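Mapped onto our numbering, the consecutive letters of the sequence shown carry residue numbers 41 to 585.
Note that these hints are calculated values from the structure, not bench results.
Here the structure is a predicted model, which means the values were calculated and not measured.
For each residue, glycine too, the CB sits at the ideal point set by N, CA and C.
Any given hint might turn out to be false.
[To be verified] Using 20 Å as the maximum straight-line C-alpha spacing, the simulated SDA-like pairs for lysine to any residue come out as follows: (1) LYS248 x THR442; (2) LYS459 x ALA378; (3) LYS99 x GLY210; (4) LYS459 x THR366; (5) LYS99 x PRO195; (6) LYS359 x LEU269; (7) LYS459 x PRO449; (8) LYS248 x PRO479; (9) LYS359 x THR427; (10) LYS359 x VAL314.
[To be verified] Across the chosen pairs, the derived CB separations fall in these ranges: (11) GLU168 x THR108: 23 to 33 Å; (12) GLY153 x ASN450: 19 to 29 Å; (13) SER301 x GLU415: 21 to 31 Å; (14) GLY206 x ASN362: 44 to 54 Å; (15) ALA512 x LYS359: 32 to 42 Å; (16) ASP306 x ILE282: 46 to 56 Å; (17) LEU145 x LEU463: 26 to 36 Å; (18) LYS359 x GLY206: 36 to 46 Å; (19) PRO255 x ASP504: 20 to 30 Å; (20) LYS459 x LEU145: 30 to 40 Å.
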Amino acid sequence: MVHRLTYGFAIVVGIASVAQQHASAAVYPGRGITASTGNQRGLYLVLRPDTAPPLNQAKIDAIRASETVTREFFAESSGGKLDLRYADIVDVPITLAVNPQDNQLHRPNDWWGIAENYVRSNFGLEPEAYQLNLFDVSATPEDVNQGWSGVATFPGNNLAMQTPPGPGWGQLVVDHELGHRTGAPHSSAWRLSDNGNFNPHVWDEHKKAYVEYSPTIHGLSPVAYGVELDEYGDPLSVMGNISNGTFSVHQKRVNMGWLSSGQVPDLNATGDGVYRVYAHDQLQSTLNVQANVMGVVNGYDANSRYGLTFNRNDQVFNKGANAFQTRTDAFTLEYRAAEEGVFLYLNDGLLDLDLAGGSDRNDHRRSLQVGDRFEDIAVSPSYFVGTGAANEWAAIGAPAPTSIYQLRPNWFEFDVLAKGQDLIGSYVDIGVSTVSYVPPGDLNNDGLFNQLDVNDFVAHWRSDTSGLNRVAQWMSGDLDNSGMVDLDDAILLRSILINSTGQSFGLTATVPEASSYALAAMAISAVLITQSRFSSVRRPSLPCY
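When you get a sec, could you build the whole thing from the sequences and use the hints?
Listed below in structure tokens is the structure:
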């Protein structure tokens with residue numbers, strides 16, 4: 041296979057005085073070598089036309105400068121578990137050949153093998169004895185219809201770069217391709233793109249129909265029916281788009297093994313509490329000059345947490361089967377000090393939790409900040425990944441989805457409480473609590489709609505609920521999750537009561553007088569409500585998703 045790079049509660053969990061126990065000790069790769077660990081040796085092959093001048097010192101210096109940046113990057117990303125240096129740099133002249141497709145000079149077919157055999161014959165080196173063969177083909181013409189700046193082959197130890205080494209794009213390409221060598225896939229992004237190829241929809245329970253998603257109308261919805269999963273879309277990671285940022289915590293734990301399950305605990309097992317999560321992008325590299333090995337001043341602390349994860353059973357629409365199918369999705373929260381934000385990944389894709397960034401592919405504003413509260417059910421457990429076909433979802437004619445509350449009757453709420461710094465590094469404290477579904481209108485959660493719910497509603501009249509989660513707001517009478525118990529909620533509750541029991545239990549008469557205008561409006565609404573579009577139950581428990 042060939043890869044191508046194209047253009048809580050009072051319970052406190054793990055916040056004891058770990059910093060006081062953290063001793064400074066440089067960490068270097070161990071003796072064992074895997075794809076993502078060890079002190080690895082690479083062979084750097086500089087290919088050039090045999091008519092061009094041989095490799096010179098300036099080129100070697102540029103390669104070594106890029107190598108240093110790469111070694112520092114992987115040492116810091118791996119926590120000192122990986123160093124990859126170019127043990128040998130060799131000059132490889134090749135004879136170009138005319139390609140009949142365009143009648144221009146190009147590298148010959150099987151230039152990989154030709155270059156390796158040249159090294160064997162002229163330098164006595166065996167390319168397969170190295171953990172990596174990096175083919176720098178920047179001095180040679182591209183292949184016909186090439187379309188890549190960097191390419192890695194699997195299985196095997198070969199990597200090629202059309203872009204010359206150096207700051208900017210050249211450094212990104214080599215670190216990206218080496219990231220694949222360590223086991224990292226692309227770092228994608230979930231985007232609600234609205235263009236000729238993608239037209240996301242949400243389910244409107246009131247209309248019993250799919251409607252086009254609008255951030256103004258529907259608010260934050262990180263996934264939808266027809267969401268774009270942008271393969272290179274993560275602007276934070278070297279495995280994504282235009283960034284030399286470190287890998288995601290999900291990849292460091294799952295793909296490379298640089299972080300353990302103890303350092304990224306599973307909330308399905310550990311449950312509610314307050315978790316201190318440290319930034320995973322702050323390690324500092326250090327070089328042992330005598331041994332010529334790159335490590336870090338301090339590695340990832342074994343007793344600290346660098347992320348939180350949990351699995352969720354979602355329903356994803358399969359276009360080929362024309363049906364929703366259950367899939368286990370992995371969610372991972374992480375903190376990046378450089379971005380000063382808490383980010384959430386769905387599998388390998390970055391989710392957008394901040395509408396301020398809009399649809400700009402390169403915008404970094406996708407995180408939670410101190411004071412923000414987020415419920416995982418806001419990422420709908422029912423969605424469809426678009427393929428890029430115009431008006432795709434509307435043309436499918438999909439059946440109605442299962443209610444998100446039926447799919448996930450219990451979900452996590454995350455509250456970003458505070459930021460800080462200690463001897464280990466920068467951190468955020470995140471409160472995690474489990475929220476259980478309660479039908480809107482059943483304010484006392486007794487399974488009935490009756491006078492007791494009206495009494496509770498009256499007791500909460502004009503209450504500010506902006507600091508509560510969605511279910512707590514419902515149980516306080518804020519049925520539209522507006523942050524205030526008001527006239528709109530009285531209308532909703534009356535509709536629920538009438539449709540469920542046939543009576544309103546005197547709701548209109550018992551709501552305290554907020555103003556003569558409000559009473560008049562309520563009285564009018566009470567008459568109209570049974571004659572208008574509110575004649576059916578309007579359930580804020582089943583919003584657009």
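Violated hints - listed by number, lowest first: 4, 5, 7, 10, 12, 16, 17, 20
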